[in-house]
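> For reference, the chains in residue letters:
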Amino acid sequence: MSLFFLITAAIAIGGTLAAMTRRNPIHCILSLALGLVGVAGVYLALGAQFVGFTQILVYVGAVAILATFALMMTQGHIVSALIEPRRAFSRSSVSGFVTAAGVFSVLGWAAQSYRPLTPSTQQAPAAGAKEVGVALMHTYVLPLEVIGVLLTAALIGAVVIALPSEEERS
Amino acid sequence: MTPLNLFLLLSALLFSIGLAGALTRRNAILVLIGIELMLNAANINLIAFWRFGPNPEALTGVMFAIFSISVAAAEAAVGLAIILAVYRHNKTTNLNQIDTLKG
Amino acid sequence: MNAFPWLSLLTALPVVGAGVVLVAGARSDRAARFLSVGFAVGALCIALLLWHGFDVNVGGMQLVEQHAWVPALHIQYHLGIDGLGLSMLLLSAIVTLISLGASWKIEDRVPLYFALILLVEACLFGAFTALNFIHWFTFWELCLIPAFFLIKIWGGPRRTPAATQFLVYTMAGSVAMLLSFLAMYLAANTFEFEELATIAQSGRLLPSLAASSSWMHLTPEHLGLVIFAGVFLGFAVKVPVIPFHTWLPDTYAEAPTGTTILLTGAMSKMGLYGFLRILVPIFAPQMQSVLTPLLWMAVATVVLGSLSAMAQTDLKRIFAYSSINHLGYCLLGIFAAVRYAGSDAQLLTQRAAALSGTMLQMFNHGITAATIFWFVAILETRSGGARELSDFGGLRRNAPVLAGMMGIALFSSLGLPGLNGFISEFLIFKGAFPLATWATALCTIGLLITAVFILNVIQRVFSGPLQERHSNFLDLSGKEQMLLAPAIALMFLLGLDPQILLSHLNATVLQLTNTIKF
Amino acid sequence: MSWIVHNLWLVAALPFAAGGVISVMKQRQRTLAAGLAVGSMALSFVLALMAFVQVLTSHGEATRQFSNFAWFQFGAEWVRLGWLLDPLTAVMLVMVTFVGLLIFIYSIGYMAEDENFKRFFCFLALFAGAMLGVLIANNLLLLFMCWEIVGLTSYLLIGFWYEKPSAAAAAKKAFIVTRIGDLGLFLGMAWLYAQTGTLLFYDAGRGCLEANALTTLAMHTTVFGLTLSSAIGILIFCGSAGKSGQVPLHVWLPDAMEGPTPVSALIHAATMVAAGVFLLARVYPLLSAGVTHGMTTTVALQVVTWVGAITALFGALVAVAQWDIKRILAYSTMSQLGYMMIGLGTGGVSVGMFHLITHAFFKALLFLGAGSVIHGCHGEQDIRFMGGLRKAMPVTFAAYSCGMLALCGVPLFSGFWSKDEILHSAFVWNLSRGPFYIGAIGALLTAFYMTRQMIYVYAGTTRLAAESTHGEHGHSGAHESPKVMTVPLLILAVPAVVLGFFGTPVWPWFQSFLEGDTANVSFGALGGAFPLMIVSSLIVFVGLGLGWLLYGRKLIVDVGALDRIESAQPGLFHLLSGAFYINELYAATVVRFTLVAASVSAWLDRWIFGGVVRAISTIFVLFAKVDSFADTHVVNRGFDAGCGSVSYGGSFLSKLQAGKVQRYLKFVGVALFVAVALLFWGGKA
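Chains as they are written, first to last, in the working numbering: chain L, 1 to 170; chain E, 1 to 103; chain F, 1 to 518; chain B, 1 to 685.
None of these hints come from the bench; they were simulated from the model.
All of these numbers come straight from a predicted model, not from anything done at the bench.
For glycine and all other residues, C-beta sits at the position ideal for the given N, C-alpha and C.
Take the hints with a grain of salt, since some may be wrong.
Claimed, not checked - Within a straight-line C-alpha distance of at most 27 Å, the following computed DSSO-like cross-link-like pairs (lysine-lysine) qualify: (1) K91(E) to K660(B); (2) K26(B) to K164(B); (3) K105(F) to K479(F); (4) K152(F) to K105(F); (5) K479(F) to K26(B); (6) K391(B) to K483(B).
Said to hold, decoys possible - Calculated Cβ distances over 12 Å to all of chain B for the following chain F residues: (7) L9; (8) L142; (9) R204; (10) T292.
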């Protein structure tokens, strides 16, 4: 139980909590970026360097920025509109929180009571860029190609969807 | 409490936070972010099980996580694009006012 | 073995016709009518061609086409005709034309109607040529479907229950028959009519039946009877034999008259055809062992059929019962023919007379009944749908030609010498009298009652003072006379020179008389 | 074989062809139609004469010639038809064609005003063809076919005035009643065919009327101890009883007078009704098979004799009390046909046939005379409205008187000789004198009712004008008929008077001709028959005198006056005028029975056969009902509740489907919660 883990876990929890509770969406996104960095730290703590850095690259570097842009492109010009009204105890948010708490209770219960059948005795294996690269180019070459296609399709799809339609342009 | 349990617990917490956000926020972008969080929590599980699992040499969990992240990225891109389109149509991203899925 | 597939061609032609009529008739009803008549005439031409090319000296099957269909179950595509099949083909072709003629005035969904009629014709051709049970049964059942829709869509006010009754009743009979044939298949491992007949005549059918389906510890004889009863039921409903006839009056009365023509002219012959093609060669011993009830049924069919006809007031119902009555004579002929075993010359002669008469009667009744219903259709359209006897009276004044021509058809049905009905009835009675004396004597009551109700129809419709509302009743137009004349001429032709038909039937009759062995 | 035997079929075919051609002609081609019919009949007459000469000039075996041909086959056998020329055929041919020709000519005048003139001649020609077919047939089947067509044309002609409901009903009745008899004939034919294997009468030793077949038939006995030949003979007699109006199948004949009078003359007096007698004469070898030297008779012949006797008496009795001029003649015809049957049964073919021939001429004459009277009285048929016609219609009166005297059997007239011969053979019949006494009474009655009719119609003054409202045409008084009608009457009067001389006991030419012998004049024969002749003459004169006594002494003046018998014996008179209420009896029994049977059958159909089907379907419906009950109250309770909750749940769920994405997500969350909880604790347990 390393200190590193504790710190990163705390950052992740704190960041995400803030991301989900702040009323200003800009703040939310920034907090999210922080929380995701924490998650990346957790990956590192688990010995999955490549995944950790990918996490930072993809989420912090891309998704968070993307979200920001989206936010600004939608309601960026009316700052007040961005601020959600304070209504912490409205019926739907209470039920949302209760659901989430329920889910957490069962998941947490499950997580803490899990006992692996064969306790791991090995050292953490290396999962650096080299190992991952070799695996990607050998065992997982087909999924890689597929995911490449998927990403391309997503890219094109996103562009197409986001494009203004004919009448809007004219 | 083995380390694995701790990671799982963390994952469960992050998942629940993401879920709570996705359930309570009104802004579509934030809901999307909540969902991304839930995906991240799942990824933590994948990595943790890889790390403490019986056969870590196979890199299965890592690979799964990588692909998951890729898919999540794609999803985020498309999702945000959809939000843009919806906004352009409805002039709002408030989910309370968007109910075209009504059955 | 497989020469040019005339029979397949004949069966396929109306199917193609139905398709063409549906497609091409979508634009114009007129086109649908003429196209369907064109295809029916084509079928008739092929039938006449077959008639011409038929070798009258061969008793067995001709123009055989045989291909494996489902080899694992010994199901074959097996076609062929003998004299009986040939005469039925010709009859179906003629009756279809009459039916089309009588349906000319149908206005609702014309292409569909005419296409369905052609489909019925195709099924009839199929059923009258098939020599494998499954193949035959397919057409036998398939026939019901277009008929059902014809009744259901174009029928009278009570068409829905009538159509349902028709379908369910005949289906029930068919199911019994199917079960029986499955049992025989288990025993004999074949669905071929000819093979089954050979096996049955050599006496091997019952033992193998008992071996293959020992049901409820029945003796082979009883088991044979049960199997026979199943097949009998299927045909008895179709003919129909009293008391399995209750579907018929409602159906005939409610069906559009063109369809009634098909039902009585051709489809009722399927049942009798089954009697001759299947029951007599395969089940003669079983028939003989229950002959007394069977003869009673024949007598009941003849006598009660005619008496019930007398009690009716609706023209279509009268002739529906009259059909029952006339087909009853065929039953009498068939049952009498299987009464005695043996093959001495005297017996063979009587049997041949009864069976010749039966086959001739099938053909004659088809022509006559179809023509009569055609006239009923004419009366119906001219009087605005009236069919009750009391709706008419004195029509002869306005429509002497109609009265004359319909009179000829009616007298043909009555069995007047010189017209077609007489010879067949005479042959049946001639053959049946020495074989089943009392039943035949009782059946003469039917001849009398038939005269009573037919004369009653003539009197009520054509004689007496002309009713006010028919003062504008039109006589047959020249065109109608031209159309009806061939049917009337056929009645005279067959009445004066039955040898035309009998020459083609004779070899078949001879063969059939020799197959009745025990 | 001579030309005429080969082409005998032409005799029948010519009128048939004429009828066929006329049937497709236009309604207004009246002259052509009549010309065709008369022409064909004339040709047939010539052919018949040729045939007659042929028979007359041949001897022995050659008097019977036939020509057979194959018609159709069944199994290994062929049905063969043929025609036959023998003395019986020849004499009948001549009679039918001659009488027919005269009646055809007469009809031209009688039907002149009818709008369906053409159709009348079409039917007449068809009838003549069929009747001649009956005569020439050498096959019972062919005979039966023509016989039926005769019945059909009779039906058509009786119902010729189809707009009169009574005519249509009478036509139907005639057809049906004769058909009842025909069914017996039909069965007899089937039986004969089955027994002998042929229906050809003569076929060079193989025919069914030839020795081989007859010996077999006479040897075997069947039900009631009848020989086969008798049983078949009786069945065949059923047919002839129907056609010849014998009791109990006579009811159609009086009603048949609804037809035009020439029809009555041709069909219901001269030819068709005689066909029954002819048929018996034709199959006489069968009827008498087994008779040895005339010592015994057969059952069939006894039946024929007794039925004939009853009919003879019945017809004569009923004729006494009729008012309709044609009905009197109709019952008279019945009665005379009964005589023929007696003659046939007791004395053989020649006796019956002789009366048939003489009767044909004088009865045709009487009917045509009656037709002339009706024509002259503008359609009036009731003799009470006639009277005094002797002066108005002298020609008719003269001819009619000849016929009347012949019918009564006044000595030297043709009827005398033939009737006397019947009475003679009945007298010497060895089984019973019954038929003779009946015949004698009948003869008395015949003379009586004919006198009554003559006096009513011709004597006194006319009562036609007295009832001017009745005369439909509005003419006053009667008038003589045109030449086209009276000439045939006069022609017919000749044979009515003289024909009898061809068959007197002194010179029995006719009888020998029929039997193929040559006749010799022998006055010795007269000695045996003479006493009986005296007796029968006396009987006739008593009858005539009785008639004159009752009706002639004091002439009838008043139209409404009661008949003399009616005033004396009203009950008897009504019984007779109602024809012993046989019609009513039949209506109450046979007809009612048939109608009841029909409704029973319809009832059976509806309630028993249909009922079984309905019961079966009801059982299924019942099962369905039970099932549905269980459904409603057991399953459905739950099911309804289930349905309710489903529908509630549906509405609930549809509320959930509010289009709010987050709400959906919330469900997923809850579902996750539940699933994990279940998985977890479920796995634990």
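> Look at each hint and say if it fits the structure.
Verification of the supplied hints:
no.: 1; hint: K91(E) to K660(B); in the structure: holds (17 Å)
no.: 2; hint: K26(B) to K164(B); in the structure: holds (24 Å)
no.: 3; hint: K105(F) to K479(F); in the structure: holds (14 Å)
no.: 4; hint: K152(F) to K105(F); in the structure: holds (18 Å)
no.: 5; hint: K479(F) to K26(B); in the structure: holds (17 Å)
no.: 6; hint: K391(B) to K483(B); in the structure: holds (17 Å)
no.: 7; hint: L9; in the structure: holds (31 Å)
no.: 8; hint: L142; in the structure: holds (24 Å)
no.: 9; hint: R204; in the structure: holds (28 Å)
no.: 10; hint: T292; in the structure: holds (20 Å)
Violation of the numbered hints given earlier is absent; every hint is satisfied by the structure.
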